[in-house]
Amino acid sequence: AQSVAQPEDQVNVAEGNPLTVKCTYSVSGNPYLFWYVQYPNRGLQFLLKYITGDNLVKGSYGFEAEFNKSQTSFHLKKPSALVSDSALYFCAVRDIGGAGSYQLTFGKGTKLSVIP
Amino acid sequence: GAVVSQHPSWVICKSGTSVKIECRSLDFQATTMFWYRQFPKQSLMLMATSNEGSKATYEQGVEKDKFLINHASLTLSTLTVTSAHPEDSSFYICSATGVEATQTQYFGPGTRLLVL
Chain U
1 AQSVAQPEDQ VNVAEGNPLT VKCTYSVSGN PYLFWYVQYP NRGLQFLLKY
51 ITGDNLVKGS YGFEAEFNKS QTSFHLKKPS ALVSDSALYF CAVRDIGGAG
101 SYQLTFGKGT KLSVIP
Chain R
1 GAVVSQHPSW VICKSGTSVK IECRSLDFQA TTMFWYRQFP KQSLMLMATS
51 NEGSKATYEQ GVEKDKFLIN HASLTLSTLT VTSAHPEDSS FYICSATGVE
101 ATQTQYFGPG TRLLVL
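Protein chains in written order, with my numbering: chain U, 1 to 116; chain R, 1 to 116.
If you're looking for bench data, these hints aren't it; they were derived computationally from the structure. Fair warning: there could be bad hints in the mix.
Said to hold, decoys possible - Result set (PhoX-like, lysine-lysine): computed pairs, CA atoms no more than 20 Å apart in a straight line:
| no. | chain 1 | residue 1 | chain 2 | residue 2 |
| --- | --- | --- | --- | --- |
| 1 | U | K22 | U | K108 |
| 2 | R | K14 | U | K22 |
| 3 | R | K14 | R | K66 |
| 4 | U | K77 | U | K111 |
| 5 | U | K111 | U | K69 |
| 6 | R | K66 | R | K55 |
| 7 | R | K66 | U | K108 |
| 8 | U | K22 | U | K49 |
| 9 | U | K111 | R | K14 |
Stated by the list, open to error - To be clear about the criterion: a stretch of chain R counts as covered by chain U if any three or more of its residues have a C-beta under 8 Å from a C-beta of chain U, and this derived list gives those stretches:
| no. | region |
| --- | --- |
| 10 | 71-85 |
| 11 | 103-114 |
Owing to the predicted nature of the structure, the values given are computational and were not obtained by experimental measurement. Positions of the beta carbon are idealized from the N, C-alpha and C atoms, including for glycine.
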């Protein structure tokens with residue numbers, strides 16, 4: 001079975017400072033990893049994904065994430081936070097070749113608040 | 001690219017009535033569509049997976065006779081909440097994947113259902 005952990009319910013960061021939103025995962029095979037962002041009363045917007053290749057993945061709005069196989073982590077990062085980055089962030093994993101392999105398993109979400 | 005729409009965005013109905021929610025992929029053919037339910041301040045709960053022209057696969061605990069899913073074309077899936085009750089009030093989100101190998105899920109903006 002696959003699972004995702006986002007250990008922080010909330011992350012607060014000052015505008016202009018770097019931000020990190022943590023994610024660890026567990027799969028039996030190889031993972032596809034995703035980050036999505038959700039603004040209030042909206043659906044999820046795709047930010048970035050790791051499939052294979054370079055461990056550092058760059059995505060939308062200046063976000064990036066680093067895949068670390070040994071630590072089974074996929075933390076989301078941004079060098080300089082904006083107030084408009086304040087939202088709910090979800091990490092998700094898909095276990096390639098596992099049962100129900102089309103399905104994503106989501107973390108519980110991390111609320112990011114960027115303080116002006 | 002990869003835009004998914006949902007209609008309506010908001011619906012209020014009386015207990016006992018049925019409500020239909022549409023999910024459309026606007027610029028790609030969606031081989032698979034997913035329906036999720038999200039409770040306040042919680043993650044997404046997968047309700048069912050549907051492939052075009054096939055019966056939907058429901059997750060454990062989801063009543064298929066209550067939540068009717070139709071995926072009649074490669075760009076449209078519908079979720080009908082039959083005989084809605086106040087406990088069905090929730091935020092319903094659909095997602096769709098196309099033919100790309102990684103099958104990234106792209107999400108609709110969600111539908112807020114309130115059953116009085």
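(Q) Of all the hints numbered above, which does this structure not satisfy? Sort the numbers upward. (A) Hints 2, 5, 7, 9 and 10 contradicted; others consistent.
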